[in-house]
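Chemist: Top line first, the protein sequences correspond to chains X and H. Just so you know, we're using my numbering here: the first sequence kicks off at 1 and counts up by one. Just so you know, we're using my numbering here: the second sequence kicks off at 356 and counts up by one.
Worth flagging that the hints you see were computed from the coordinates, not collected in a lab. All figures in this text were calculated on a predicted structure; none of them were measured in a lab. There may be inaccurate statements among the hints.
Across the chosen pairs, the derived CB separations fall in these ranges [stated by the list, open to error]: (1) X/191 with H/412: 56 to 62 Å; (2) H/499 with X/272: 32 to 38 Å; (3) X/243 with H/500: 51 to 57 Å; (4) H/481 with X/57: 38 to 44 Å.
For glycine and all other residues, C-beta sits at the position ideal for the given N, C-alpha and C.
As a plain string of letters, each chain reads:
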Amino acid sequence: MKKKQVLMKGNEAMAEGAIMAGCRYFFGYPITPQNEVPAHMAAYMPRAGGVFIQAESELAAINMVYGAAGAGARVMTSSSSPGISLKQEGISYLVGAELPCVIANIMRGGPGLGGIQPSQSDYFQAVKGGGHGDYRLIVLAPDSVQEMADLTMLAFDLADVYRNPVMILGDGNLGQMMEPVSFCKFRKRKLPPKDWATTGTAGRPRNIVKSLYLIPEQLEAHNRKLYRKFQTMKRREVRFEEDIPEGCELLLTAFGTTARICRDVVDKLRQRGHKVGLLRPITLFPFPEERIKEVSSRVKAVMTVEMNMGQMVDDVRLAVEGRCPVHFCGRTGGMVPSVEEIVHEAGKILRGMKE
Amino acid sequence: MKDRLIISGFGGQGVMLLGQFLAYAGMLDGKRVSWIPSYGPEMRGGTAYCSVVISDTSIASPVVSRPDTLIVMNSPSLDRFLPAVRRYGIVVANSSMIGHIPKLDRDIHLVSVPAQSIAEELGAPKASNMVMLGCYLGIRGGPSEKAVEAALQKAFVDAVKRPDLIPINRAAIERGRELAQAGNEND
């Protein structure tokens, strides 16, 4: 029998997925285009026995996340670009203190207050660290309402496995869009007990959750420990989806909403007889650099499509290492590229190959 | 089957509900569906639109730049989206609110319905969107009646607890459907 489907917005599916994954604390501050997340949490979290607080600011919200995570709870916050910028200090502290949590950024155009329409211009901030210090987040990039739910569930387990914040990087389009979604019963991984959490000292010595290390030798050791975790993530957590034909000439790379649009681009170009493929990173950190490296040695060119002025394309170039030309096609400021304009750009590259 | 729609009108004319209604009914029929609203600092009287895709196969891009079907409830919407309609596409226009409908010289099928007047005649001035929906159903032959009925239940019982609104909305859908079918016969 087909699983029961419900028609939901991406934001709602993400919130519902979080509750199903055992998230019982949500702290947030409103901002378009992610307001359905706190709205859903406000309505349903109390019924699940959890706590929803609309904080007085983004700074307050992220530090409430620090508190709840430090006490060992499954906790989440969500915002959109300018609000995520405000949370960066807290995110750096969360990584430093090795606290698991889930942070969603439903991106809108920037910089500054920017606009409220969909964008992917916070890629750098998400994968290169928007806060200070030598740190990484696991960054998951859904491309459908179903993945908004599924990857959020996964995010909570990954956060606990690595004791590190995990970011869901969506955009306004994914947050606002409705698609059918079905929820599987969440099966939590076997995870070690959170014996590091500050839960009261009865019967045990006290735990300390902090990111302050005044002795350089100790801080260096701490940084090296974090680095080893990031290396483990790179070995174990790379996720991507690909559709690459035999003899592929042009490989498209895109994530989230633009990857969906690129699937139509691929179909259209194949109808015209071109051998075109698509690789969609699902994890933006760790990035599927090994796979892109392999594929780049047997294609003639790569084109990265994003809703920004060219951010992920830098990581694609690092992976390609000059084996073939890497082109970029993007719209920004809240503009969503059309299938037709991407086909046009790809067409120019394909014609160039023939000449 | 794959239909990419843009549904557009003034805020308050019910274009978002109309789009969600179609997506929901399509889902119940076992189709793949997506719905994207325009969102922003919009208000009653401003322009609002949504993109809907209903398809037998998985939906690549849910973003509709070139619709197969355009449902327009007011003049600015027709002006804005008409140039994007695909060849052999369909335009359903609310002639109560669109004074002048330009002559279409391309292969586009235009169905013009005085949806607002019909809704008012039925005593349900807010149901012009349902007249447009009926018209779409009459032209495209789907989603199924069973799915539409279930969508009525969801929209008026589950969401707003107003089962009393169902008969008049059902009547509005039927009027739209009749008009579309009469129009098709005249072609």
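Chemist: Indicate, hint by hint, whether the structure satisfies it.
Modeler: Now for the hints, and whether the structure bears them out:
no.	hint	verdict
1	X/191 with H/412: 56 to 62 Å	violated, 39 Å
2	H/499 with X/272: 32 to 38 Å	holds, 36 Å
3	X/243 with H/500: 51 to 57 Å	violated, 37 Å
4	H/481 with X/57: 38 to 44 Å	holds, 40 Å
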